[in-house]
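Asker: Construct the entire structure; sequences and hints are all you get.
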Amino acid sequence: MSPRLRWRKFVSGFMLTLTGVCATVAVSVLFFILGYLVYHGGSSINWNFFTKLPVPVGEIGGGMANAIVGSAKLLLLASLLGVPIGFFGGVYLAEFSNSSIAFVVRYAADLLNGVPSIVIGIFAYALVVLPFKHFSTLAGAFALGVMMIPITLRSTEEFLHAVPRALREGSMALGASRWRTIMSVVVPAAYRGIMTAILLALARVAGETAPLLFTAFGNRYWSPGVSQPTASLPVMIFTYAISPYDDWHRQAWAAGLVLLALILIVNIFARAIVSRGGTILR
Amino acid sequence: MHASVRQAVSVNINPPTVNPSRETAAPASMRMSINKVNFFYGSKQTLFDISMGIAANKVTALIGPSGCGKSTLLRTFNRMHETVRGARLQGEILLDGKNILAQDVTQLRRRVGMVFQRPNPFPKSIFDNVAYGLRINGSKLPVADAVEKSLRHAALWDEVKDHLHKSAYELSGGQQQRLCIARGLAVEPEVLLLDEPCSALDPISTAKIEELLVQLKDLCTICIVTHNMQQAARVSDFTAFLLMGQLVEFSPTPHMFTTPSDPRTEAYITGRFG
Chain A
1 MSPRLRWRKF VSGFMLTLTG VCATVAVSVL FFILGYLVYH GGSSINWNFF
51 TKLPVPVGEI GGGMANAIVG SAKLLLLASL LGVPIGFFGG VYLAEFSNSS
101 IAFVVRYAAD LLNGVPSIVI GIFAYALVVL PFKHFSTLAG AFALGVMMIP
151 ITLRSTEEFL HAVPRALREG SMALGASRWR TIMSVVVPAA YRGIMTAILL
201 ALARVAGETA PLLFTAFGNR YWSPGVSQPT ASLPVMIFTY AISPYDDWHR
251 QAWAAGLVLL ALILIVNIFA RAIVSRGGTI LR
Chain B
1 MHASVRQAVS VNINPPTVNP SRETAAPASM RMSINKVNFF YGSKQTLFDI
51 SMGIAANKVT ALIGPSGCGK STLLRTFNRM HETVRGARLQ GEILLDGKNI
101 LAQDVTQLRR RVGMVFQRPN PFPKSIFDNV AYGLRINGSK LPVADAVEKS
151 LRHAALWDEV KDHLHKSAYE LSGGQQQRLC IARGLAVEPE VLLLDEPCSA
201 LDPISTAKIE ELLVQLKDLC TICIVTHNMQ QAARVSDFTA FLLMGQLVEF
251 SPTPHMFTTP SDPRTEAYIT GRFG
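Just so you know, the protein sequences line up as chains A and B, in that order.
Counting in my numbering, the first sequence runs from 1 upward without gaps.
Counting in my numbering, the second sequence runs from 1 upward without gaps.
These are computed hints drawn from the structure, not numbers from a lab.
None of the values given here were measured: they were computed from a predicted structure.
Think of the CB as a built atom: it goes at the ideal place given N, C-alpha and C, for glycine as much as any other residue.
Hints are not guaranteed to be accurate.
Covered, in the sense of this in silico footprint (three residues per stretch, anywhere, with C-beta under 8 Å from a C-beta of chain B), are these stretches of chain A [to be verified]:
(1) 162 to 168
(2) 171 to 181
(3) 185 to 191
Answerer: Here it is in structure tokens:
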């Protein structure tokens, strides 16, 4: 074997190993985080964690039932705002707009997607918290909903674009109007993709802390209705993690574990929707 | 244009026989007439001064090499060209004597149906595919009966009657294309346009669809675009030959394929180009 060939074989082998190691690192980060959360927080996860309110400092135990319910309420309200606007905006973008309007909307959506979440929090603070003069579930949901709009809009648009033109023509050739065609042929053909995108958007905002800090704020107790400050898992983690108490630290780890598990479940569920029955394109 | 085609007089149409003499059946009433149609994509003109007629309850074939404008012409017949941005049409297209460009487009497409090059069933069940046209048009007919009738007309009923509620995507390509024909027939169109309906199919499926077209003549008027000259010769009563956006020759099919009057037609059908 000539030295030249030996060198080439060495470089090839070295690069192959390097890419393999990087891929392993990328995957193991997730499992490392998961393992770390289980190690630190696993012991605090029990029935009480899901059913009890936080207890005063000094007492051991208690739970985060209010934060879990608070997060659920925030996400539900955020979806009510973000999903319809994002979905119908995406339909408009994909089906009706001419190219110059589409360019502007698409660009604006991408910019909105890039706005730091803390800035969206300030925006919601100015628009919802200040006029009502107190923090509320509504304000937090507004901030999260705004964050969901660009994700839902862009992915709705992309999945609708992936529907073959032939399907639209087939429907129009039977005398269907454009709206009828979109609603009864195009959207059903793309609905798996759109559903997945909505779930992923939900998973994305579920972990957001910054936009909630001065909108939903936080609450040690239950938050009835939508006009009171409310606890949420991410903010609870933040508050507990920076506290000086060991028991709170354990609870923060546990909350992190619950949050991550919920997001993973949503992700897996979303992927299952996509893979079930294959794609819309034959 | 051949003189016998231009005659728009209603005469007794020969009842279909095993071996109909298509030459003698030629003088038929016109379902559609196309008068001086010019077509543009943006500033590019793709059809030049096309005038021809589509005889009622006959099969008219449009042939010509790729890019000659035959599909474009077909798509103007039910205004599908309007779904493409920058498309512009000049001239007049009459359906039963009325200009289609002045009519409500959804009403028009209900009367002039279309089957496309590649089978394009909707992501729904077989039944819902056929029922789609009836439902969107708010038909009062019992849907199930109409679906069965259409599937029978499309010679698909016996193959699918036991799994009407399965996804249309589980059918073979040829079955999907017949499903699309059934879907088009369900709204009982007066004219059925077919845009190279067999180009994505195997020879056996193609033969089935060709056989079907000949039978469907009793039901509606048929206009088919094909790049396959043998197919045009087998199924059509009239053939129009287009070349670079111009109508070169339009005659009864047997005439076109035996004694073409234009040297370009002869060159094309004898395989010297295209």
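Asker: Each hint needs a verdict: does it hold in this structure or not?
Answerer: Hints, one by one, checked against the model:
Taking a C-beta to C-beta cut-off of 8 Å, the stretch 162 to 168 of chain A contributes 4 residues in contact with chain B, enough for the three needed, and the coverage statement holds. Coverage of the stretch 171 to 181 of chain A by chain B holds. Counting CB-CB distances below 8 Å, 8 residues qualify, and the rule asks for three or more. Interface restraint, the stretch 185 to 191 of chain A with chain B: holds (3 residues with C-beta to C-beta distance below 8 Å; minimum three).
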